[in-house]
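Let the hints inform the model, and build the full structure from the sequences given.
Chains as they are written, first to last, in our numbering: chain R, 1 to 336; chain P, 1 to 172.
Calculated directly from the structure, the hints in this document are not laboratory data. Every value quoted in this text rests on a predicted model; they were computed, and no experiment measured them. Treat the hints with caution; some may be incorrect.
The calculated PhoX-like cross-link candidates involving lysine-lysine, where the alpha carbons are at most 20 Å apart (straight line), are [said to hold, decoys possible]:
#	chain 1	residue 1	chain 2	residue 2
1	R	Lys94	P	Lys32
2	R	Lys303	R	Lys284
3	R	Lys110	R	Lys321
4	R	Lys321	P	Lys32
5	R	Lys104	R	Lys94
6	R	Lys244	R	Lys184
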Amino acid sequence: MAQSYYIFRSGRLRRKQNTLYFEQESEDGQLQKVPIPIENVRDLYLFGEIDLNTKLLTFLAQNEVTLHCFNYYGFYIGSFYPRETNVSGYLLVKQVEHYLDPQKRLEIAKEFVAGALFHLRRNLNYYRNRGREVDVSLEVVESSLKRLNECGSVAELMSEEGRARDAYYQAFNEILELQQPYTKRVRRPPDNEVNSLISFGNSLLYTATLSELYVTQLNPTISYLHEPSQRRFSLALDLSEIFKPLIVDRLIFRLLNRGEIDENDFESIGEAKGVYLKEGARKKFVRVFEEYLQTTVKHRRLKRHVSYRHLIRLEAYKLIKHLVNIETYKSLRAWW
Amino acid sequence: MLSYEEFERLRTNGIKVNYWVVCHRKLWLFAKGLRMEPLSDRVALGQLMHERAYPGTPRREILIDKLIKIDLLESEGKVLEIKYSHKLAEAARLQLAYYLAYLRWLGAGELVGELRFPRERRREEVRLTPELEGRLAEALRGVQQVEQLSAPPSAESTTICRVCAYRELCWG
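Here is the structure:
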């Protein structure tokens, strides 16, 4: 089975004959070579400073491996998304058609938000059942969920989602035992530990979604909730909305509440207030994230166990089915 | 038997003829470029078997008109079609019949085909009888009909769905 490889060290990635090698100079000046069997690689995550050349990129493209790069601070920089081999002009036309028609676009965007809010509510309910005071937030999310059908435009949908999310983030103060109250979501750079974890987790989820989209015929630049932009593969943003609360947020709650990551795991960037994860914590996060993606649930229609990662792929298939008029899209609502 | 004009009009991939027998929905999806085969382990297994089967026999793969890919048994002048299992033999038979007819339209004359199921050590000779040609004509017309549908034919759950590469698209 293909898997993700995460490289934290610095060194060189090279193609040698038909295998991938990670080379690193050890302290005594010896060159260490670690072979990575290319057939096993679905995607590569580079966190260290890595040298590579176009010969390597060619090799990755031939094997349809996506490459995700992160900078020194662990912030996502970008992906090498090889030329698609498995394309469908027909589906592309359908994707565009559903974007151009405001009604069709709204219908899909609404499902993304509905799935996202459903999972926000699910998280809040989980903690309410454990005696946390999250009723106020829960009410806001509930009422947003009810109003979704009245939204007449994607902009309205976005603001409804924003409202629910703000309330949801307020509940973090109840869910997490924080020394300083969590006020609001701040990105680029994140301004405190929680935001930093959210940013890091979301970027991992985004890249995982992108890798799953790569194997389908969907074009990742055409999206429905987010505006298709030139810079980002915005369909991956759309789809990951559904999974953020289900995967990233729950991981953060777990890591912080169990003390597996604490304030000592963060550092400021120079003078800036930005807070970023130290390497050790980053590794820990990546490890549990990867484990989380591999945990399985019994799929009711397929009648077998599928991993969280695979649920992302199935979500893409459901979208395809909607676009080609097989079955109306209904976003994932965790049933377990 | 199809006229040459009709053949010109219906010319298509061999695999589509095969899929028309197996599942119309799969054919439709395939025709729209919604291919699932590249992700299927079972398909990869079939490909591997195709490459490795009969290592001692001189064979040659030829792609014609970028449409059909035939496997030729050089010493005997037979057109081979190698399949993983005989479960879908009728689909394989029509696919092979299509290759034979195609080659005849190109002027190769009457060729003999052979289905091979190396895992089962089984083989079956295929010749273009009027009856088989009739079924082929029906299949070719059917392929075109399915391709022209604006929405895919509905899915019917059968035992072959379980191993189909399109399973998760249809049933997930």
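Given hint Lys184/R paired with Lys244/R - CA-CA distance at most 20 Å: holds (17 Å)
query: Going straight from one Cα to the other, do Lys94/R and Lys32/P come out at no more than 20 Å?
result: With Cα atoms ~11 Å apart, Lys94/R and Lys32/P stay inside 20 Å; holds.
Hinted pair Lys321/R and Lys32/P, Cα distance within 20 Å: Holds, at roughly 13 Å.
- request: Take a quick look at whether Lys303/R and Lys284/R sit within 20 Å of each other, Cα to Cα.
  value: violated (33 Å)
message: Hint check: Lys110/R vs Lys321/R, CA-CA at most 20 Å. Holds or violated?
response: holds (17 Å)
message: Checking one constraint from the list: CA of Lys104/R to CA of Lys94/R, max 20 Å. Satisfied?
response: holds (11 Å)
The earlier numbered hint that this structure contradicts is number 2, and it is the only one.
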